[in-house]
Amino acid sequence: DGGITQSPKYLFRKEGQNVTLSCEQNLNHDAMYWYRQDPGQGLRLIYYSQIVNDFQKGDIAEGYSVSREKKESFPLTVTSAQKNPTAFYLCASSRAGARDTQYFGPGTRLTVL
Amino acid sequence: GIQVEQSPPDLILQEGANSTLRCNFSDSVNNLQWFHQNPWGQLINLFYIPSGTKQNGRLSATTVATERYSLLYISSSQTTDSGVYFCAVVPNDYKLSFGAGTTVTVRA
Chain B
7 DGGITQSPKY
17 LFRKEGQNVT
27 LSCEQNLNHD
37 AMYWYRQDPG
47 QGLRLIYYSQ
57 IVNDFQKGDI
67 AEGYSVSREK
77 KESFPLTVTS
87 AQKNPTAFYL
97 CASSRAGARD
107 TQYFGPGTRL
117 TVL
Chain C
110 GIQVEQSPPD
120 LILQEGANST
130 LRCNFSDSVN
140 NLQWFHQNPW
150 GQLINLFYIP
160 SGTKQNGRLS
170 ATTVATERYS
180 LLYISSSQTT
190 DSGVYFCAVV
200 PNDYKLSFGA
210 GTTVTVRA
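Protein chains in written order, with my numbering: chain B, 7 to 119; chain C, 110 to 217.
Some hints could be false.
Stated by the list, open to error - Here are the simulated DSS-like pairs of lysine-lysine, each with C-alpha atoms no more than 25 Å apart in a straight line: (1) C:Lys204 <-> B:Lys76; (2) B:Lys63 <-> C:Lys204; (3) B:Lys63 <-> B:Lys77; (4) B:Lys63 <-> B:Lys76; (5) C:Lys204 <-> B:Lys77; (6) B:Lys77 <-> B:Lys15; (7) B:Lys20 <-> B:Lys89; (8) B:Lys89 <-> C:Lys204.
Claimed, not checked - If you only want the chain B side, here are some residues facing chain C, beta carbon under 8 Å, derived: (9) Ala102; (10) Arg105; (11) Tyr109; (12) Pro112; (13) Gly113; (14) Thr117.
Calculated directly from the structure, the hints in this document are not laboratory data. Here the structure is a predicted model, which is why all the values come from computation and not from measurement. Built from N, CA and C at the ideal position, the CB exists for glycine as well.
Make the full structure from the sequences, and use the hints.
Next comes the structure, spelled out in structure tokens:
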């Protein structure tokens, strides 16, 4: 099946630890995105990548890092510098850029203990 | 940046009822999408509709780009329609900006 997978579904982290969230797509899409969703709110853009080996900061990039070494993979690292990391994280992809339809993965729920 | 406002914030419907959700945006856009987020958090793309009208089963959407709004119509609502509906737009900077959503609850 074609689609976007995210792992893990649930993640628990102690304060001060870095964690990496996985996002993989087999849709052959060039563009990939990471969003953060807090309870009762819309999604906010963390990072996006329009092509392999290139990525740009979104609106709330502080405390996060990404890499785009392969077209199908766009992992997100939540670093200890992120002050309030507990949230629902969603990965998306689109064929070319944000002007194209975006398709979302099932999300990762991160909780800091 | 662009402002995206959705109304109403919450909507409670009896099964079988019709409803209209609204999305207003503050600047011209190149892309407008409607999404449904189910209770498990999955976002499903409903419509890609920067202008005009589209229909998909019991759902339809209309975007009037010149007046900067879009409407999502739900007809003959079912309990499976419950969830949060998001409008998202792309202004000139290629970033998809989301509204805060409309939470729809359909009661049997």
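Quick rundown of the hints versus the structure:
About 22 Å separates the Cα atoms of Lys204 (chain C) and Lys76 (chain B), which keeps this hinted pair within 25 Å; it holds. For the suggested pair Lys63 (chain B) and Lys204 (chain C), the alpha carbons sit about 10 Å apart, so the restraint of at most 25 Å is met. Distance check on the hinted pair: Lys63 (chain B) and Lys77 (chain B) sit about 18 Å apart at the alpha-carbon level, within 25 Å; holds. With a CA separation close to 18 Å, the supplied pair Lys63 (chain B) and Lys76 (chain B) stays within the 25 Å bound.
Annotation: proposed proximity of Lys204 (chain C) to Lys77 (chain B) holds, straight-line Cα distance about 20 Å (limit 25 Å). For the given pair, Lys77 (chain B) sits about 22 Å from Lys15 (chain B) by alpha-carbon distance, which is consistent with the 25 Å threshold. For the suggested pair Lys20 (chain B) and Lys89 (chain B), the alpha carbons sit about 12 Å apart, so the restraint of at most 25 Å is met. A C-alpha spacing of about 24 Å is found between Lys89 (chain B) and Lys204 (chain C), which places the hinted pair at or below 25 Å, so the restraint holds.
The closest approach between the C-beta of Ala102 (chain B) and any C-beta of chain C is roughly 10 Å, which is over the 8 Å cut-off, so the hint fails. Hint status for Arg105 (chain B): holds, given a least beta-carbon distance of 5 Å to chain C, under 8 Å. Restraint check, Tyr109 (chain B) versus chain C: the minimum CB separation of about 6 Å is within 8 Å; hint holds. Given the 8 Å rule on beta carbons, the hint for Pro112 (chain B) holds: about 5 Å separates it from the nearest Cβ of chain C.
This hint holds: Gly113 (chain B) has a C-beta 5 Å from the nearest C-beta of chain C, less than the 8 Å allowed. Proximity of Thr117 (chain B) to chain C is violated relative to the hint, the smallest CB-CB distance being about 14 Å (cut-off 8 Å).
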